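Trainee: So the protein sequences, as listed, match chains A and B. Using the working numbering, read the first sequence as starting at 1 and increasing by one per residue. Using the working numbering, read the second sequence as starting at 1001 and increasing by one per residue.
Quick caveat, the hints were computed from the structure, so don't treat them as lab data. From a predicted model like this one, the values you see are computed outputs, not experimental measurements. Any given hint might turn out to be false.
Stated by the list, open to error - Calculated lysine-lysine pairs in the DSS-like style (CA-CA distance at most 30 Å, straight line): (1) A/K119 to B/K1232; (2) A/K137 to B/K1132; (3) B/K1232 to A/K36; (4) B/K1303 to B/K1186.
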Amino acid sequence: MARSTRVLPGFGPTLGLTLTWLSLIVLLPLASVFLKASNLSLSEFWNVVSAPRVVASYKLSFGMSLSAAAINAVFGLMLAWCLVRYRFPGKRLVDALIDLPFALPTAVAGIALTALYAKNGWIGQWLEPLGIQVAFKPLGVLVALVFIGLPFVVRTVQPVLEDLDVEHEEAAASLGAGRGQTFRYVLLPVLLPALLTGFTLAFARAVGEYGSVIFIAGNIPMISEITPLMIITKLEQYDYVGATAVAEVMLLISFALLLLINGLQAWTARRTGRDR
Amino acid sequence: MKQSTTFRTLFAGVAAAAISAGAWADQTLLNVSYDPTRELYQEFNAEFAKHWKASTGETVTLKQSHGGSGKQARSVIDGLEADVVTLALAYDIDEIAELANKLPKDWQKAFPNNSAPYTSTIVFLVRKGNPKGIKDWNDLVKPGVEVITPNPKTSGGARWNYLAAWGYALKKNGNDEAKARDFVAKLFKQVPVLDSGARGSTNTFVQRGIGDVLLAWENEALLSINELGPDKFEIIAPSLSILAEPPVAIVEGVAKKHGTEKLAKAYLDYLYSPVGQKIAAKNYYRPRQPEHADKADLARFPKLDLITIDGAFGGWQKTQKAHFSDGGIFDQIYAPSSK
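Just chain A, with the same shape it has in the complex (with noise of 0.2 Å):
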């Protein structure tokens, strides 16, 4: 193969610096969680990380965190369209306020849900008699991902649609689609990997949170607990072993569900012809 000569050179430098630097910063920490754990036999490591109460927080975990990762996908997109297609008197202020879950402390945004959905809250006392309890169940846990979880997809989408001229969905028009069918057929497929893109950074986010939820989740055993508060109470306890066991599985959980989502994302690139 000819060699490709490129305006600036050093693909060598930048190789070496990309791998030492990920090493460094990623893969050594994440190393060290594999090390500890492997002072367990394989039957001990299987039962710490399959006792029921720590299943039953995976499932929370990731149940939650998979819906709150779906609701945003929705609600980005509509949020980043209003923000890109119109024009309104305070737009800059609304763009501007998209980003404070990424800024806002997380434990903050948690004492702050959990203030306004608790049965005495501004929100939760009207709910309270509607018979629906969302602070300390697992539906608050819901609420506080979908909080930290929104920027994330306004962000990655937002670009894109800027990028999208008006005049595909004029040309579709012209052409006699509906509404349906250009959104359909024209806009969601050029959306997709962004979308899914938002949609994954979104989902990793809420699996990692722990100081939102953790004000808001009630934490009953089998219940509301996450799995990262299983790795903190493992921890409480003195039993580093165990609390790294809990952290590789989720880990590893997190890593099939990442590579699912990127195949995906790669896959439905190449279909609309989005492929670099």
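With chain A's structure known, arrange chain B on it following the hints.
Mentor: Frame of chain A; chain B shown alone:
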């Protein structure tokens, strides 16, 4: 939040040590303690610094760090250089001895009264007027009563709560373990929120308005009432509770390295002095020698029947293993089959 305080304290400690090593020969002592002792040690440290100056002429810098007891113990195990620890339960200091080898296994014999210069107990905090008519432990399992307590697996205070309830049920049912277990299981079914620490539970009960009764350290309950006004809450003393002994110890490994052994010993000894005992009582801890405390302070402590961890449960190591370890009785209470 707690973590950042710890870090700040740590940072300040390091900075102070660096400065003092260069300029003066003054000593610095770091006391790693748990959440509710913040006010107690603020006052005590000021008094001790005065006392130390008067008796030796040296100026001493006293640092304090607070957080959940288990978390603090873990910081020390992981390398936080505490000269002394003053934690919520002996088990946490046992673990420092066990995992970090920084103090001898029989540390609890180093000071009088099981190395606990002051004690506390578990009481109920209810809303003003006691609308649910809660008087004793058996009122907690009545239908419709919501109980707030932290999770015993993560909170030292919650372990005392759990054990006090267990002790009550044992006594009521002629030492029948199975009945005690049913009682505690029933009690925890009435808990809508399990916070990870005592301060979290106090917030849930006080700020969020959740629950009818908070199981709390007596000192926390008295402090809450004092801060929030006696018009909102009242304290109910159950017929029986547990003697909570928050112990103190010199972390010998660290003190030796810092050359603060003598100072650390004097510091903890001073807790047993008339001055120390008086300050403890003032900050809502029950003094070991009540004769040194103010009468008005003592009058705040209700009279209760108290069981002890060593007498009723055979010590912390045994209790921790049977009740709070993974798969222990507390886990079984929440296991799906018991629902």
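Trainee: Honestly, which of those hints from before does the structure not fit?
Mentor: Violated hint: only 3; rest satisfied.
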